[in-house]
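Numbering (the working numbering), first residue to last: 5 to 205.
If you're looking for bench data, these hints aren't it; they were derived computationally from the structure. Values in this document were obtained by computation on a predicted structure and should not be read as measured data. You may find that some hints are simply not true.
So the derived label-pair ranges between C-beta atoms look like this [to be verified]:
#1 Leu156 with Ala29: 23 to 29 Å
#2 Ala33 with Met5: 19 to 25 Å
#3 Phe157 with Thr25: 23 to 29 Å
#4 Leu181 with Ala83: 24 to 30 Å
#5 Pro52 with Thr79: 22 to 28 Å
#6 Arg130 with Leu176: 34 to 40 Å
#7 Gly174 with Gly95: 16 to 22 Å
The beta-carbon is built from N, C-alpha and C at its ideal position, and this holds for glycine as well.
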Amino acid sequence: MITLADALSPRRMPARPLSWTVPAAQIVAGSLVVAALARLAYVLPFTPVPVTGLTLGVLLVGAALGSRRGAAALTLYLAQGAAGLPVFAGGGAGVAWLLGPTAGYLWSAPLAAWVVGRLAEKRWDRTPSTAFLAMLAGNASIYAVALPWLGLFVGPGEVVEAGLFPFIVGDLVKAALATALLPTAWRIIGPAGSCADHRGG
Numbered sequence: 005m006i007t008l009a010d011a012l013s014p015r016r017m018p019a020r021p022l023s024w025t026v027p028a029a030q031i032v033a034g035s036l037v038v039a040a041l042a043r044l045a046y047v048l049p050f051t052p053v054p055v056t057g058l059t060l061g062v063l064l065v066g067a068a069l070g071s072r073r074g075a076a077a078l079t080l081y082l083a084q085g086a087a088g089l090p091v092f093a094g095g096g097a098g099v100a101w102l103l104g105p106t107a108g109y110l111w112s113a114p115l116a117a118w119v120v121g122r123l124a125e126k127r128w129d130r131t132p133s134t135a136f137l138a139m140l141a142g143n144a145s146i147y148a149v150a151l152p153w154l155g156l157f158v159g160p161g162e163v164v165e166a167g168l169f170p171f172i173v174g175d176l177v178k179a180a181l182a183t184a185l186l187p188t189a190w191r192i193i194g195p196a197g198s199c200a201d202h203r204g205g
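Given the sequences, and given the hints that come with them, work out the whole structure.
So, in structure tokens, the structure goes:
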């Protein structure tokens, strides 16, 4: 099943030269969207985990690109940060970010993008109810990796207070925003989306 990125792409031709360039450009663009949103960061005084736009970027890019391209975009994002580009929270960069207390939130990003993308490929991003469930599944994937890793630094007794409770409201807001954007985008695409579905199916 096709995604938003497929619906907005030029009609696919079976033997078109350089057909890999469009997916490659989408992956790069997705990584840059996540980087831009992750730079929006607010440090909380009681936890090493900042409030950022990273999660919103992961959800949107995963849904728009689908499972494989979404995961690839987030993997590229991590590589960019590891290479020294200022793409992590607040413009952070370097390998140390992938080893510190918040590393689990970063390492989980490709997984979360894959989960949301896979559900989008199953048309979960077409209606508000299923889109919201897809966003919750993506968030759950992040916490499944991030909280155990964070617990190594703050202790198992503090991990929920430091890594989950302060972010529940914000995550619900981000999920609601993504839920509003995705079905709206499909409605705007309208018949073009149906044609793309036919081409992809």
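Check the following: the C-beta atoms of Leu156 and Ala29 are separated by a distance inside 23 to 29 Å. 38 Å, violated
Kindly confirm whether 24 to 30 Å is satisfied by the beta carbon distance between Leu181 and Ala83. Holds - the Cβ-Cβ distance for Leu181 and Ala83, about 27 Å, lies within 24 to 30 Å.
Is it true that the C-beta distance of Arg130 to Leu176 lies inside 34 to 40 Å, as the hint says? 21 Å, violated
Within 19 to 25 Å: is that where the Cβ-Cβ distance between Ala33 and Met5 falls? The hinted range 19 to 25 Å holds for Ala33 and Met5, with Cβ atoms some 21 Å apart.
Just to be sure I understand the hint, the distance between the Cβ atoms of Gly174 and Gly95 should be within 16 to 22 Å; is that true here? 20 Å, holds
Within 23 to 29 Å or not, the Cβ separation of Phe157 and Thr25? About 42 Å separates the Cβ atoms of Phe157 and Thr25, which means 23 to 29 Å is violated.
At the C-beta level, are Pro52 and Thr79 separated by a distance inside 22 to 28 Å? 24 Å, holds
Consistency with the previously given hints fails for numbers 1, 3 and 6, ordered from lowest to highest.
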